[in-house]
Structures are given as C-alpha cells and as structure tokens.
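Q: Here the sequence shown is numbered in this note's numbering, starting from 1 and rising by one per residue.
Honestly, the hints are just simulated from the structure, not real lab data. Note that CB positions come from ideal geometry on N, CA and C, so glycine has one too. Just to be clear, a hint being listed does not mean it is correct.
Unchecked claim - Across the chosen pairs, the derived CB separations fall in these ranges: (1) Q34 to I413: 21 to 31 Å; (2) R21 to P163: 45 to 55 Å; (3) L288 to W105: 49 to 59 Å; (4) Y6 to L350: 39 to 49 Å; (5) K2 to G151: 44 to 54 Å.
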Amino acid sequence: MKILSYNDPGYPSFVRKLNRRAIPEHGVRDLVAQIISEVAEKGDQALFAYTKRFDNAVLTPKSLFVSEAEFAAAEESVSAETKEAVARSLANITAFAKKSLRKDWSAKNAEGAVVGERFTPFERVGVYVPGGKAPLVSTALMTAGFAKAAGVPQIVAATPCGPDGKVNSALLYALKAAGVTEAIKVGGAQAIAALALGTKSVKPVDRIFGPGNTFVVEAKRQLIGAVSIDLLPGPSEILIVSDKTGDADFIASDLLAQAEHGGDSVVGFVTDSKALLGKVIKAIDRQLPTLSRPKIIKEVLKNGTFLLHVKSFADAVEISNAFAPEHVSLIVADEDKWLPQIKTAGAIYLGNDSPVAVGDFLAGPSHTLPTGGGGRSFSGLRADQFQRRTSIVKLDKKSVRKSLAVVEEFARIEGLDAHGRSTAIRLEK
1 MKILSYNDPG
11 YPSFVRKLNR
21 RAIPEHGVRD
31 LVAQIISEVA
41 EKGDQALFAY
51 TKRFDNAVLT
61 PKSLFVSEAE
71 FAAAEESVSA
81 ETKEAVARSL
91 ANITAFAKKS
101 LRKDWSAKNA
111 EGAVVGERFT
121 PFERVGVYVP
131 GGKAPLVSTA
141 LMTAGFAKAA
151 GVPQIVAATP
161 CGPDGKVNSA
171 LLYALKAAGV
181 TEAIKVGGAQ
191 AIAALALGTK
201 SVKPVDRIFG
211 PGNTFVVEAK
221 RQLIGAVSID
231 LLPGPSEILI
241 VSDKTGDADF
251 IASDLLAQAE
261 HGGDSVVGFV
271 TDSKALLGKV
281 IKAIDRQLPT
291 LSRPKIIKEV
301 LKNGTFLLHV
311 KSFADAVEIS
321 NAFAPEHVSL
331 IVADEDKWLP
341 QIKTAGAIYL
351 GNDSPVAVGD
361 FLAGPSHTLP
371 TGGGGRSFSG
381 LRADQFQRRT
391 SIVKLDKKSV
401 RKSLAVVEEF
411 ARIEGLDAHG
421 RSTAIRLEK
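All chains should be modelled from the sequences, with the hints used to inform the complete structure.
A: Right, dumping it as structure tokens:
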C-alpha cells in the first residue's frame, strides 16, 4: 500500500499523478488493433482462433452461440435463492430505468414551426459481460436489464466460456432473465470486434454496452465510429473520502470488496484524520485473512492501493475530483455542504451505512460506470442510452413565411443560395 501524509516529501508528486487521463499502452493498442483487423478480415475464423489462444476453448459455428437447451439447463440448475436474488435486483433495475427513459415532446418555436424530439429504442444492441475471474451475474442484469426496460427487441450478450465451452449457469440464467435474445461464448477484444463489425455467424449491433478489462476497453475505444458505445468502463475503482466520523471497519471492508475484482483494480482512501487512517490500516490487516480471495486482494493492496492523510477535507475533495473515480464513498458530518462539491464521480455512496456492494448488486442504478478518470467526461450507463434520439420539424406556409428572411440571410452569409431558394419556393405556390 502507498501510505502518504501531506507533509511527506513524495506527497505532492503522487497527488499530481492522480489527475489521470487514461491512455492505453502501445502494446495494448497494437494487439487490439491486430485483433480487430483479423476479425474484420477473417470473421469467424479469427474469432475461434483467439478464443482458443486466450481462453483455451474450441468453438465452431454450431457451438458459438448459447443454445436454448443450455439456457433451459441453467434455469433448472440454479437455486431458488439465486432466482430470488436475480428477481429482486431486476425489479429495482427496471424501476430505476423506467424513471430515466426520455419521453417524446413537441412545441412551437418563435416562427410557429412545430419542433420536437422522438425517442425510440435501438433495434439491436450488444452487452459485454466479463466472465474470466468471476461470473459477473450482476453485470448481466445491469446492462441487459436496462436494454429490456428501454424496449430493445434484440439484445446480444458476449461473455467468455471456459475451456469446456460452457458458461456459468447462474450467469446464463441472469442473461435470459434480463432479456438477452442471443449470447455468444466469446470474450475479450475479439468479442467487441465481432459485435461491432459482424462475422458470418454474428450479426453486427447498433451499440455496445458493458465493462471489461484493458483490452475490451481499448477495443471499444478503437471501434467508436464503426459502432456507437456507452462509455469506457474498465477495472474497478473506489475512492473513500472520509472525515473523522468514518467507521474504520466499514471503510476497510469497502476497500477490500473492490480490491477482490482483480489485480488491476484501484482502491484509495483519503482522510483528514490521521487517527482514522491508522485504524483503517489495522482493520485491513485484520479482515484480509478472513476472505476467500487473498491472493488477488494482496496484489491490489501492493500495486493499486493508496491511503492519504490530507491537511484539510477540502484537499480530500479536490483530490477526488482530480482522480474522477468510478465509485466515491463520501463519509462526512456535513453531507449537505460537501456532496455538491463532488463533481466527477461515476457514483457516490453517502455515509457509513452505504456499502458499494449494494450498488454493485441490488440498488437499481447500473454499476457500469466510467473508470480511469473517465468520470470527468462520461456518466454511468443509463436507460436513455438505449434510446435513439430523432428531432422532428414541421412547418406550414405561415411559419415558412416568418422563417424566410433569416434563412435567406444565413444562405447569403454562407454562400448557399440553394438553401434560401428551397425555402422561398414554398411561398410561390
């Protein structure tokens, strides 16, 4: 763990580095570009070759898609408790999504023309669900569930299979429950390329959603334009910002929970209380031996964890806004004062009794959130991202007449006389 106080020599330079603009390494960029190029050129052949190379699984056109029999077997095998958990999570997700869907509207402008917007669901979307280190059942719900709530008719999932060509049963059950209509057993950059560009077996989608590792994120970045994407959600992040009112055991548990996502996770704690910092360090050491994934967590604690003692709580907030993390846990006596000052987080959890895990699994908002500093520019996944916006304009003779002088002036300025003529001609008949 990197532990620094504001009066330590290395503190200023470390804090400056927290102001991130995520840029992929050359090696990642080059490999992803190669994968995309080969999928574009060779289609299914490249898809199967990379699945064999990275996941040690042999796929064919027949076994590429999850079959209805596999979905049915998954439903049979999962426990009643799993089904109940999926149902409760989906209920919250659907209710939250319905609240944020955009509605059609129309009005008259100053010249009397009718203007408005129409919102329709995308016809076909792709959702990426990681499955390498753990079957992310909740991600299936928090991507496909939003698509279903928005009314998307074709929802295609991509998730990696194991060496035996199978996908985790609980994950398959969740995908089906969330409304997925097709699922391919492929992960990584090759899956994103297949969804974006299509192959002989995989029909391309209109937009791609979902988190992934560095290679998945880079594939989404490189394919913007060929397909629309949601955002660039990568490895998990949390920053806990607390004053002396924070509970050290709760803070340590949240840090450890996000660390268990994988070795490339980033977890941070910033406080103006030196006493609390010491308690959190002890709580981490005490809780770690009780957990089931100590090797992964220890890697994150070694390479991706920082604990900072700052001079003032205002400094802590400034660091949070510069870091722009996926999750911010804000624990402070005066929430009303400090909450409006957190500007760049993907999601904010308030107070000692708001574990990020509840947001990961159940609360309702999607846990697909911007990482790598992306919170400065992106917001988290929303239901309205599954809607296509179309503007509507309708004029009659009266509104054309009122618009003509302005249109002709713009046409004159820009040297586009046909624009002016196309408006004037409406008044000559």
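Q: Hints first: check each against the structure and report whether it holds.
A: Against the structure, the hints come out as follows:
no.	hint	result
1	Q34 to I413: 21 to 31 Å	violated (48 Å)
2	R21 to P163: 45 to 55 Å	violated (38 Å)
3	L288 to W105: 49 to 59 Å	holds (53 Å)
4	Y6 to L350: 39 to 49 Å	violated (25 Å)
5	K2 to G151: 44 to 54 Å	holds (46 Å)
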